[in-house]
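Sequence order for the protein chains is A and B. Number 12 in our numbering belongs to position 12 of the first sequence; there are no gaps in the numbering. So the number in our numbering is just where the residue sits in the second sequence, counting from 1, plus 106.
Be a bit skeptical, because a hint or two may be false.
Stated by the list, open to error - Only part of the chain A face toward chain B is listed, based on derived beta-carbon distances under 7 angstroms:
| id | residue |
| --- | --- |
| 1 | Pro46 |
| 2 | Met47 |
| 3 | Thr65 |
| 4 | Gly67 |
It is worth saying that the hints were derived from the structure and are not from the lab. Here the structure is a predicted model, which means the values were calculated and not measured. We put the beta carbon where it would ideally sit given N, CA and C, even for glycine.
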Amino acid sequence: MNIEYLVIVIAIMSVATFATRLPPFVLFSGREQHPLLQFIARYTPPMVMTILVIYMLKSVDYLSTEGLYAFIALFVTIGVHLWRRNALVSIVTGTAVFMSFVQGWF
Amino acid sequence: MIRDAIKTTLPIFFGYLPLGIAFGLLFQELGYPWYYATLMGVCIYAGAAQFMAVGLLAAGAGFVEIAMATFFLNSRHLFYGLALLNSFGNWGLRKIYLIFGLTDEVYSLMSTIELPEGTDKPQFYFLMTIFSQSYWIFGCTLGAWAGTKLVFNTQGMEFAATALFTVLLIEQWIKVRKPLPFIIALIASAIALLLFAQHMLILAISLSLIMMMVLRLTNKKVHDEY
Numbered sequence: 001m002n003i004e005y006l007v008i009v010i011a012i013m014s015v016a017t018f019a020t021r022l023p024p025f026v027l028f029s030g031r032e033q034h035p036l037l038q039f040i041a042r043y044t045p046p047m048v049m050t051i052l053v054i055y056m057l058k059s060v061d062y063l064s065t066e067g068l069y070a071f072i073a074l075f076v077t078i079g080v081h082l083w084r085r086n087a088l089v090s091i092v093t094g095t096a097v098f099m100s101f102v103q104g105w106f
Numbered sequence: 107m108i109r110d111a112i113k114t115t116l117p118i119f120f121g122y123l124p125l126g127i128a129f130g131l132l133f134q135e136l137g138y139p140w141y142y143a144t145l146m147g148v149c150i151y152a153g154a155a156q157f158m159a160v161g162l163l164a165a166g167a168g169f170v171e172i173a174m175a176t177f178f179l180n181s182r183h184l185f186y187g188l189a190l191l192n193s194f195g196n197w198g199l200r201k202i203y204l205i206f207g208l209t210d211e212v213y214s215l216m217s218t219i220e221l222p223e224g225t226d227k228p229q230f231y232f233l234m235t236i237f238s239q240s241y242w243i244f245g246c247t248l249g250a251w252a253g254t255k256l257v258f259n260t261q262g263m264e265f266a267a268t269a270l271f272t273v274l275l276i277e278q279w280i281k282v283r284k285p286l287p288f289i290i291a292l293i294a295s296a297i298a299l300l301l302f303a304q305h306m307l308i309l310a311i312s313l314s315l316i317m318m319m320v321l322r323l324t325n326k327k328v329h330d331e332y
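Pulled out of the complex, with its shape left as it was, chain A reads as follows:
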């Protein structure tokens, strides 16, 4: 346990993390109206969202009971969202279903 080392590590990681979030804002400052940039701005979110969902689901073992739970909870989330289109309700319901399974509430 070395506090000085820890504090330096925290400082380095803070700067390194910020350094990944800052560049677009500096590089493209004042050029937001460029058609190619607007194209990218429009289509990165759907691509990133697809990739994040795949990323979250990739480590699930679909042959295990937990995999089945995740599959059902995901199905519930999607179903509730298509039905009510209220993000909070869909997320809370899906999460509650998953928690109830893994914690064995029933």
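Starting from the known structure of chain A, fit chain B onto it as the hints suggest.
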């Protein structure tokens, strides 16, 4: 506005709380005082990187190695600002803070939700970021400080992050209504998983961005319709 910001970010709360607690629990095993977990939540504010930090700290890793590993792990964030160039207002402390707080969850929400006409966008985003980071700091602190004594069982709550991204993916589909970006992201993810499963995010995101741009520049139909 504050109420709306809390309501909008509540899904992030459910995602950050269990993740922050898990981090805090792991961190306190290193033997440092609990408030350093708080400090990490305040200064670093990156989930995966903080988990990685526990391993690096335990191993006594070198500073250069830590800087590079952190940058690489978070490199997907390099692309996040692209969708929000116009949304953070003028340069100032608020904009710096908004950029600092651009995590996966915050980015996903900001780039998907539509704000009511007349909302002060940068200010609303500022509140969203403040609340989201507060949830994270709260989770980290709670885990490190009282993790082992916690009565409330958060097991399974981490599913909230998956649910959030799934819901926002549906919303993106409703918003965009064109299949190409989704198909490209699927292909890019498959390639990234095959080549580089552990670090698929950065590869999949850069690949899909490159494919999308190449298609637009070379294919007239894509150019006109997208």
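Verification of the supplied hints:
no.	hint	result
1	Pro46	holds, 4 angstroms
2	Met47	holds, 4 angstroms
3	Thr65	violated, 12 angstroms
4	Gly67	violated, 12 angstroms
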